[in-house]
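Model the full assembly from the supplied sequences, consistent with the hints where possible.
Going line by line, the protein sequences match chains A and B.
Sequential numbering from 1 applies to the first sequence in full-length UniProt numbering.
Sequential numbering from 1 applies to the second sequence in full-length UniProt numbering.
Source of the hints: derived by calculation from the structure; they are not laboratory data.
Any given hint might turn out to be false.
Claimed, not checked - Some, not all, of what chain B presents toward chain A, calculated at C-beta under 10 Å:
1) 48
2) 55
3) 329
4) 334
5) 335
6) 349
7) 353
8) 385
9) 435
10) 513
Glycine included, C-beta positions come from ideal geometry on N, C-alpha and C.
Protein chains: 2
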Amino acid sequence: MTRCQRRRTSVSGAFMLPRLLCLLCFAVISLAEENTEMVNVVTERKAEESHRQDSANLLIFIILLTLTILTIWLFKHRRFRFLHETGLAMIYGLFVGIILRFGVHLPQDLNDITLTCAMNSSPTTILVNVSGRFYEYSLKGEVRDSKGHDVPNAEMLRKVTFDPEVFFNILLPPIIFHAGYSLKRRHFFRNLGSILSYAFVGTVTSCFVTGLVMYGCVVFLKVIGQLGGDFFFTDCLFFGAIVSATDPVTVLAIFNELKVDVDLYALLFGEMHILVSIVAYQPEGDNRHTFDGSALLKSLGVFLGVFSGSFAMGAATGVMTALVTKFTKLRDFPLLETALFFLMSWSTFLLAEACGFTGVVAVLFCGITQAHYTYNNLSAESKSRSKQLFELLDFLAENFIFSYMGLTLFSFQHHVFNPLFVIGAFLAIFLGRAANIYPLSFLLNLGRKNKIASNFQHVMMFSGLRGAMTFALSIRDTATYARQMMFSTTLLIVFFTVWVCGGGTTPMLSLMHIRVGVDTDQDNSVTPDGMTQKSTKHESAWPFRLWYTFDHNYLKPFLTHSGPPLTSTLPACCGPIARCLTSSQAYENAGQLHDEDTELILNDDSSLMYSDMTVSTDAHGMPTPSTSQAGLYSLARTSDDPLDRELVFGGTRLVLPTDDPSDPLTSFPPPPPSPPLSDPLRHRV
Amino acid sequence: MTRCQRRRTSVSGAFMLPRLLCLLCFAVISLAEENTEMVNVVTERKAEESHRQDSANLLIFIILLTLTILTIWLFKHRRFRFLHETGLAMIYGLFVGIILRFGVHLPQDLNDITLTCAMNSSPTTILVNVSGRFYEYSLKGEVRDSKGHDVPNAEMLRKVTFDPEVFFNILLPPIIFHAGYSLKRRHFFRNLGSILSYAFVGTVTSCFVTGLVMYGCVVFLKVIGQLGGDFFFTDCLFFGAIVSATDPVTVLAIFNELKVDVDLYALLFGEMHILVSIVAYQPEGDNRHTFDGSALLKSLGVFLGVFSGSFAMGAATGVMTALVTKFTKLRDFPLLETALFFLMSWSTFLLAEACGFTGVVAVLFCGITQAHYTYNNLSAESKSRSKQLFELLDFLAENFIFSYMGLTLFSFQHHVFNPLFVIGAFLAIFLGRAANIYPLSFLLNLGRKNKIASNFQHVMMFSGLRGAMTFALSIRDTATYARQMMFSTTLLIVFFTVWVCGGGTTPMLSLMHIRVGVDTDQDNSVTPDGMTQKSTKHESAWPFRLWYTFDHNYLKPFLTHSGPPLTSTLPACCGPIARCLTSSQAYENAGQLHDEDTELILNDDSSLMYSDMTVSTDAHGMPTPSTSQAGLYSLARTSDDPLDRELVFGGTRLVLPTDDPSDPLTSFPPPPPSPPLSDPLRHRV
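In structure tokens form, the structure reads like this:
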């Protein structure tokens, strides 16, 4: 009945979980204090020991991150650009993984008790009656005997293993929120149609192509007897979905730092975002081993419902925050304002999860809404505070994930590396990506006035980096043989794409003659390299124009202090309500085109994102072939900004009423201006 | 063998723990996927349900905090000052507690399994053999049958209960770090002797007096038969220790906002800090039910060892951060710098815990060291970033603790309210505080040139608020009857002190004729209300003078960019090393008295602490009797700042060499200046 073997589960860790769990033990120990003194002291010692061990484990990660930061600095300082910081974090993680696995030898603590009982399933909680007292035990997971003992330091390695859900639920949200918060919205909306096509149609294509190729590979493996367990068709599809989720973070970081051409950026970025959203939903769908059409349709319906629900929830929280910050004078107290902003954004995630939607999607749209509306209401200090806070959280979470990724290559106990499967997977993601980009670009180009050039397509093909998202999805479930093999393979794919594709982005861009060092907010028409055809492309995005007008005339004035007063945009019958809802600042701003606020976040972010102002001004000295263009860019940036802004706001100005801003409380609003579409300049926006 | 009863432990929650744990369940569910599909689906549903529930619970707290923030704003906006924000957070917590307890009725989920086994103790982990598969279960705690079912919604209430250790290990560290980081060091060091006396001697006195009074009370209760369980003498002492820990946070917040007289502030603040340190160690000591002298001496030795170890660890991490930020050019990348700063500060806590010291103490001294040295090396952006980040963390943690405090008055399942015990406790803390303050002040006044006036003593007596620290200590262990009674009583004490003492601070201060609205960095000699005797008081603090000289001549130049170059303060033989260690900025700053950096943090903090600049400038309009003084203060503040600074730096200037700052690399340092003590102005510092 009693087998001596002290164990800790492989799902025991968490961002703070190792410590928490051990503290829990602590508390538990104290709860059991009435036992005999001797037993108590021993257990207390053990709990303390375990607590120390957990602190030490977390310390390893902190030191890893610290080292990464120092090396990032060194790289930036010396202008090494062949390896991105996420790649660095991974390498450090790998080293520590190797040391933990092969370098450290700890004696295994052997005392554990095995009970045998006749149950047909494992309950989540059991009560154990120990000589009259009842103790509660909670399920930690199934233990597999055969594997845990092949590896030395199994105990140690299990201790540095974190709960997989931590990645999905704690580390991803700040990353996704920050991505939404710092999204270049203008370009995003301009290319909305293409982005949605790439995201929805492209992902599904890519997912199925990858899945089918993998299924072929698996069948082949089975035939030649290289497969050690079950691998169903749905597993293949799931694998396809996982590895189709290109990483918004890594690509964003690289492209942002290189100041790559705006449209490519928008296309990639948008695609990735919605991809994220799709795959974020994936693991919650049914994952049966059979495949039929009606089930697919049904789950598509569920997916759409969940997606739109999450979207609505994220937008709603954003709107609520905007209203609160608008109608209270919270801006006098930046600390309170930032705290509120942070809490409301976090509550989006919780709210979505509590309602059964996906928190990650909600957080993404919440970030976009917050940046679009709430940001305008914040005080100057809160603006910088909130940006810096989310930037820091994003940075820490991202680097934590990547260094953990490196570590887990050695510390994970159930790796299944199948060379043929790995080769098949690399082939499959290549084909899947190609099936996503090229045919779709061809179709889109039929409708687009501003064609997606073939060099753009090659870069989009090449920079399909897989990162934090893919990792979080694949580590979420590593129970079966299939999932373990998928996890190991995914890890290799992430390493490869981050190191090779990430490191190769700069050469690739120059090879494809894509402009590097382009200010993301600079209008294309003012750049000197003959890409003027792009200045008219937004004519095609009519839903954007429609949305923009509605947003500018009604939503912005309602939710923020900027935009034209509602009194001038709403029909006269709504006068009293409009006066209530319009802030006095809006009247003052009426003549001043206060939309600068919104644009500021764009301008600021491009330099603040990774806060290396020196790098962005050092663009001349960059060892890329784009030096001369970068120089031109710097010139253009300083001289053309006002022009750019005027061009951009050309349409806005027409919508604005011409009433006297010095008299904010005119009892009757002026008649609504002539429809904006009548003016040729309107097309610019 | 199988008893139907689904349970969740009362120690299951955590700052993120509810979610994490449930996610864990999630992961567990997926691990067990190979079971039959049907069981799977049911368990998955359940896990999902539980996950939603946990998200909803966390959401309650977020909404609570949001409401608190909005109300704080309203109070600040309308200038209500009778209730502090922490008091507000508590009230909201109370409301939610009442609603959860009496308003919501959820059906109880009944399915749990009880195993009986013959063990003489409860192991931390057990393996359960369920029809051939092994599942791991971990101990959560002892379950008491009788109590959990008297209360409706027991399940619900247990879900909103957090792991007590969370407060101590996750929420306290940021609060304590922030307190250390924003400590007004000059006044702290000036009154170091008195502070240490109050802290060490005073706390021990207070602890024993309270403990003895409580023991008398307990004996009385036992005689009249009102005691429902054991209550040992050590329990009384522990209670004394807990309630002797006055709150640095609450008092700090109130005094800081009111800008109370500098010395009172320093005395109270310093006292509280070291109190915190003492009691932070307490729960780790032996807690036997017997009492003997040798054990006391031994644990005193252990305490001193742990205290100095934690101190050294905190200081060491701070020094390391200072060195890293000095010798790298990390300041070009504020994000990296802030991230490093944050991680290093956090690692202090983990390092101390991993080595068996107390993280809280280490974090306090780390904060002080960081503010004293590292802060000088940071870039301007990182300075504001780090301050804002820690301020936000502090604010959120503090308000979370206080709203949880309110909630737990109703949600905690094992309250033991004994009216006589409560009355005894209030009497005991009053006597304990009196025994701490008055005799010690009398003794200190014998040695102090600048006497601690009796009105100061009364205010110190009155404002012994108990807050987050006391709560975290008392909730840490609520297993026995004695501890439960202590917890319930402590809760009432905290409520009383925060509402009555906290709310009554303003009237009390005016009653005692203590100046309100004093700039904490303003030298006393320039204020117009006849308190000039204080301007000479620092003569008595000779250890501070000694320390200051050493710090200014060697430590500051070594660790930061400020201070005189080491080449001028070290003997000539150390020339090469000195040149290596001195940054080029130090030479440039040599003539400029770069210590302003250090003072800036002081000046900034007094207004930044709660970021209500408007309140501090609104001091004229405050409904306190000190209006005229506040007016005078405002006058003095603007006109006398340069004078103040000059006075303060008078001593500094003498230490500085008179070499030419335009020639930073003089090969031979000038001879060391004449001993600073020879100059009368030196006494000012």
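**Asked** Which hints from the list above does the structure break, by number from lowest to highest?
**Response** Structure breaks hints 9 and 10.
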